[in-house]
Structure formats: structure tokens, C-alpha cells
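Trainee: Given next are the chains, with one letter for each unit.
There are 6 protein chains.
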Amino acid sequence: MSTVKLLSDAEKDPRVKAVFDDIRATRKSDFINNFWLYLAFDPALLKETWEGVKSVMAQPSALDPLTKELIYIAVSITNSCRYCVHSHTAAARAKGMTDEIYADLLRVVATAGRTNQLLNGLQVPVDAVFDMEAQKPDA
Amino acid sequence: MSTVKLLSDAEKDPRVKAVFDDIRATRKSDFINNFWLYLAFDPALLKETWEGVKSVMAQPSALDPLTKELIYIAVSITNSCRYCVHSHTAAARAKGMTDEIYADLLRVVATAGRTNQLLNGLQVPVDAVFDMEAQKPDA
Amino acid sequence: MSTVKLLSDAEKDPRVKAVFDDIRATRKSDFINNFWLYLAFDPALLKETWEGVKSVMAQPSALDPLTKELIYIAVSITNSCRYCVHSHTAAARAKGMTDEIYADLLRVVATAGRTNQLLNGLQVPVDAVFDMEAQKPDA
Amino acid sequence: MSTVKLLSDAEKDPRVKAVFDDIRATRKSDFINNFWLYLAFDPALLKETWEGVKSVMAQPSALDPLTKELIYIAVSITNSCRYCVHSHTAAARAKGMTDEIYADLLRVVATAGRTNQLLNGLQVPVDAVFDMEAQKPDA
Amino acid sequence: MSTVKLLSDAEKDPRVKAVFDDIRATRKSDFINNFWLYLAFDPALLKETWEGVKSVMAQPSALDPLTKELIYIAVSITNSCRYCVHSHTAAARAKGMTDEIYADLLRVVATAGRTNQLLNGLQVPVDAVFDMEAQKPDA
Amino acid sequence: MSTVKLLSDAEKDPRVKAVFDDIRATRKSDFINNFWLYLAFDPALLKETWEGVKSVMAQPSALDPLTKELIYIAVSITNSCRYCVHSHTAAARAKGMTDEIYADLLRVVATAGRTNQLLNGLQVPVDAVFDMEAQKPDA
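Chains as they are written, first to last, in our numbering: chain G, 3 to 141; chain A, 3 to 141; chain B, 3 to 141; chain P, 3 to 141; chain E, 3 to 141; chain W, 3 to 141.
Where hints are given, some of them may not hold.
No distinction is drawn between identical chains; accordingly, a pair holds when it is met within one copy or between any pair of copies.
Straight-line Cα separation of at most 30 Å, DSSO-like style, residue types lysine-lysine; simulated pairs [said to hold, decoys possible]:
(1) Lys56 x Lys97
(2) Lys30 x Lys19
(3) Lys97 x Lys49
Hint data in this document are derived by calculation from the structure and do not stem from the laboratory.
Use the sequences and the hints to build the structure in full.
Mentor: So, in C-alpha cells, the structure goes:
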């Protein structure tokens, strides 16, 4: 059940085909998951979304690929995004996440969920020492 | 401004003093941030919260200390917990987070925020291949 | 699967029948969707909820009916309310939302999700110029 | 700093005055907190909001007034609504919430925040036994 | 469908068996719900989570058991945690929650959801009178 | 107070200057708000964020500019993003949002917040008629 219809012939549109081909090439796999299949209802939105995700998740950057997936899962859990939790947990496992790492991720995510509630309840003033801005811009 | 009163003499309570002493010893620093100072209004809640956070964040585990802080920040941003964002961003910097790593963290957190919205809108069915359970328990 | 039981004879209660009749009359349709059918477990809650929704969504106001549905969808996506996303996306389509408009809605909702994360991370001070209150009440 | 301007002479509008008078009478106090003062920028929205809140929070119902405030605080913490957390924590104290009760509330709210994260991560199937609907409507 | 595999022989691990035995003893029931069954993929995480939940929810404290369940439900609804909503609504019913109480809970939770949105939109300054801290610590 | 330091000389970096110049040209104004000033701590993140926001919010599309701002505000309120609420409410006013439209926006946002809570509590099954996918892809 989705809010858009799955198109059986989406790749007949050359804009969709170009994105799907790039997904296959980037991932070195023929499998295209439902997110992209359904997003193809709007080729422009498909293209800009894929390019945004690819540039962040599939390009080398300061963080390694597995760490980026762990962070992605943490946000998706907190936003209660069922599909995203499933797809990025699978992606993290494909990039080396063991059960032990997954348990540790859940432990941190749960601890943050716990203390976030305490602080949003207590409304404690932020310590001056945490302020990066305190180091004022030089004249 | 907080929903509890800051106690100037909280450490007169030996339960509070024991926790504060452990915070100082664990962090090798005399500084105790406002979260713990305010939480001292209930010594039992202070103790169980500190012990929970310490066991997850200050003990060696599958994930390294900096990665755990990055995940903590990701959850705190998504929950819009202002204090937590400030305190854990400061903690991450203390554990080696550079501006380059921070920008990369924000990039992943923002990308997840973006696609979480798309998937929560599209309500795409989860691909069967993502199902860990498909590998059924053995009889 | 629900947290309340669906009553097969809910309309035997005249309070429920009155609300259902008003739903049918307002929508010019015999169809009553599950939200109202299940909410009938408490006739008073059913009545006050329907009246609240009707007064906001079914009465002429500053915003046109389609725009109100788009805003409703935006909130429901962000709150990860699966039922609400489905029912209000269907309602928006019934009020003229094309695939092109839907893609544009998703684009804005996703962009907001992305920058919300950046700002909740950066904790940037609000510009004084955004403050409506700066125009102080006249003595 | 607010997104609307505070009107110094809001009560000159008889619709605003009627609401403010009812707030004072209901609460047996001359104090009107900022929420209502600012909401007065739109008298109709002020009126319908006050009447909705009053009918739920200030009328006798299945739950006692303090329990209702505790539930209100729990939602407001989870939604990270700073003003709501402050105003309803103050209201709960006025209705008898001690520091001991407040600590217990925070303990439950934090525990829920913790396990919500675990379940939103694990995506565990809901046990059939929890399904109220399993008791099907009688033909 | 879950992000971890259900183990058919989890209780062969003595750490898992000890927790399951304690769940059965605490609840005086042989039934163990899916949360714990799936969480058993990591015996340490299972143990610390159960002990945390048990100490808050199953020990006598300032709030009675039913009130604690109502607060738990309120948080779980707001976090859109489907499993948690189902399991704690069932738990609340087992502890005496009638349909009348449930409707009242939903009424308060919905009212808070409504005003949280208004306040997060209006960004009204918090009234000084709500500030517990105004009562400064004594020198 | 921010988690990054404001750079007084950010425009000395030609990548930052190029973005700031484009912001000024696009908005036909010399004013650059704090979001972009602080985001300049990472010129690449600044550039990709501005280009993403500009392509969605400042280009003609299916939705008119004011409607897009209203949707942006709705998401920002629900995510409790204080800065975003302030900046996009100001932007909406600059694009023609009157107090009457703003009150109507808040009314819809609040109603959605209210019913989202009810549905996330009731966990009502989605009506088959809402399923866009029911219209299966043609073979």
C-alpha cells in the first residue's frame, strides 16, 4: 500500500532509465529497491533525490561508509521511518555491521532517547562552556 | 529557566556526592555540567541516569567513543533537544571531532531527514530482501 | 489490528448515528472511513473530534480546501502518522491534487526536513529581523 | 521573540475579553499567561482553542486533574514544546505534583523514550494477543 | 518483518534464560512478548533493558501502575512507536484501564498535540512565573 | 549560542562569496540571515544546501511561493525547529501571508497535530480505498 502507483514501465522514460542505470552502476548490482521504483512517479524528484543521497552516502568523505549508515539509522529510528530503518539497517549489514555493532548502536540510540526526554523535561540552561560562539569572530 | 530548582548544597546529600565524585573521576575533570547539577533534585534519578549513560558511553564497546557521540548527536538533533545537541557536540569535539567530520555528520543527518520525509509520505512497502526474519528460526 | 474494537452496531447509538449522518451529508457520500468507525467506541470523543475537523477543514476560510489538505499531509508525514498520510493524500487527490503537485509537496516537505536537521544541529541564533514582537505593543 | 505581535489592547475586542474573562473565572485568578495573550492576535482561534482546552482539562472526567497534567507534560516533552513543558509543569505543581511525583514522571517518560527507540529500530511484529480487534464485531 | 532474526533457541543461553525467567516471575505469566524474544539477539542489551523497564514500571513508586502505563502510552503515541502503543495499551487494560479512561487519555494526548503545534508555531516567550529557578539557590 | 563559530571573514573564501552573492541576487537584498552565515563554516555544505533550497523554493513550480512557505512552516513547527519557524514565518509574511492566513495555517497544523495523536493511538487499519497501489501496474 502506497500513496503513489508503481509504474511497471517506468524505465521507458529515459530520465528514469538514466537514474536506474546509475543506481545499478554505483551499487554494482541489478537490484533496485522499492524507494526508487515508487519515486519514479516523478522523474525529476527521483533524479534530484538519488543524486543527493549518492553524493552524501556513496562518495568518500570524512566519515567511513559504515559510520554514515549508523548515523542514518539513528535518525530514521528517531523519525519513526519504518522503510528507512529497514533499508539502512540492511545497507549497514552489507557494509560490515555485525550483531554486536548493531546492539551497540541501539544502546546509544536508546540512551539518547532516554536523556533527550529528561532534558526536554528539565529545560536545563546550556552551560556557557559548550558555546562555540563564545570564541567571538575577530574584528 | 528550568522546571526544577538548582540546589546550591546538593552535594551535602551523600548519594549526590557519590555520583558527582564518580563523574569527576570518570571524566578526569572537576567540571560538572548543568544536566547533572539540576538532576540532583532527585538523587535516585540522578544515580540511575548517570550509571546508564556511563555504562553506554564511557565503557569500551563495539563502537569507538567518537562514533557513539556522533550517533548521540544525530538522535538529539532529530528529537530537537537543544541542551543535548550542545553538550554532545562539545563532547564529540573533545573526543576529536573536527569541523570536517562535523560537516559530514550534518550532511548525513540532513539527508536522512530529507529521505525520511519522502518515505513517510510515499509509504512504500518494505522490500522482502530487507527482512532479517525471512531467515526463519530453525525448528 | 487496532487498540480498540470495531463495533458492528455503533450506529444504534443515536449520538454515533448523528455524527455519521453529518459526515455523509458534509461529504455527500455514503462512505465512512475507518477513523470514524473505530472512534465510535467513545461517542463523545467521536463527536468533538468530527466537529473540530469539520469546522477547520470543511468550512470556507482564508486558505482553499486543497492547500489545507497539503498542510495536513505535511504535518502527518512529519509526525509519521501512517493512517493520516494515506487518508489526507487521498483527500487531497479528491480535491484536485495532481501527481505534479504531489511531487512538489514532497519536495518542499523533504527540503524542510533537511534544513530542520541542519538548524537543530547548528543551533543558530534567530535573526532580530525575524522578530514580530520587536514591534512592541503601543503603550 | 514571537512570530506574532503582542497586542496591548487586545481586550478592547469583546471576543477577546469574553475569553479572558472566562479564563479568569475558570482559574479563579487574574493572571493570564502568554499563550492566551499572544493567541489573541486571532480572536476566533483564541476562542476555539481555549474552549477545547477547557473542556478537556477543566471539566470533571474519568481521569483526575493531576493525572491529565502529567499526560500533557509527557506529550509536550516528547514534542519538544518548550513553552508547553514549562506551563504544564507549573500547572501540575499547582495541582499537587511533588518533586517525588515529578521525578517518577520523568523516569517513566525517559524509559518510554528509551524503549520507543529500541522498538522503532527492531521493528518487531506486534503480538496477536495485543490486538483488540481480534475480538471481531459480531455479525 | 524485523531488523533482527528471531532465535528459536534463545533460552539455551543462560543469560537469556535468566531474564526470561525473571519476566515470567515478575508478571506471574508464561507469556513472553515479541519485544523480549527479539531483543534476545543480544543478551546484554536484553538484560539491561529489562532491568531498566522493570525497575521503573514494576516497582512501587510515587505513581500507581496504571498512571505509569498511561504516561508510557502518551509518549509512545507521540513518538509514533506502533509496537509500544499496542503493548502498553494492552498492559494498561490489564491494569484496569476502561474504555472511558482510554477515551480520556486520548482526549488529553490529542489536546496536547494540538496546543504543542500552536506554541511551537507562535514561539511565545515563557512566562517568568513558570520559572522554578527564579527561586535562586541560597548562597 | 551555536555549535559552530561565526566567521567574520567567511567571504574571503571565494566559494562562500559565490554563494552569498547568489543569495543576494536571488533575493534582491543585501541581507544574509544567520543560517547561511553560520553554515559558511563548511563552504561545500553551504553551497549544496543553498542550491537545494533555492531549486525548490525560489524556482517556479506546481505550487506558488506562498503555499510552499506555508508547507515549510508546517513541517518546521512539527519538528520543533525554532529557527526555521521564525525564518519561514518571516518569509511567508514577505510573500503575502496575512494574520488571517497565518491563523488558518495554525488552525490546520493544530488540527493535524490533534488527529495524528488519535490515529497513532488507535492504530486504525488503513481503508483499502486509500491505496493508490490497488490500481496495479499493467502487465
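Trainee: Confirm or reject each hint.
Mentor: We went through each hint and held it up to the structure:
no., hint, in the structure
1, Lys56 x Lys97, "both (15 Å within a copy, 28 Å between copies)"
2, Lys30 x Lys19, "within (16 Å within a copy, 38 Å between copies)"
3, Lys97 x Lys49, "both (24 Å within a copy, 28 Å between copies)"
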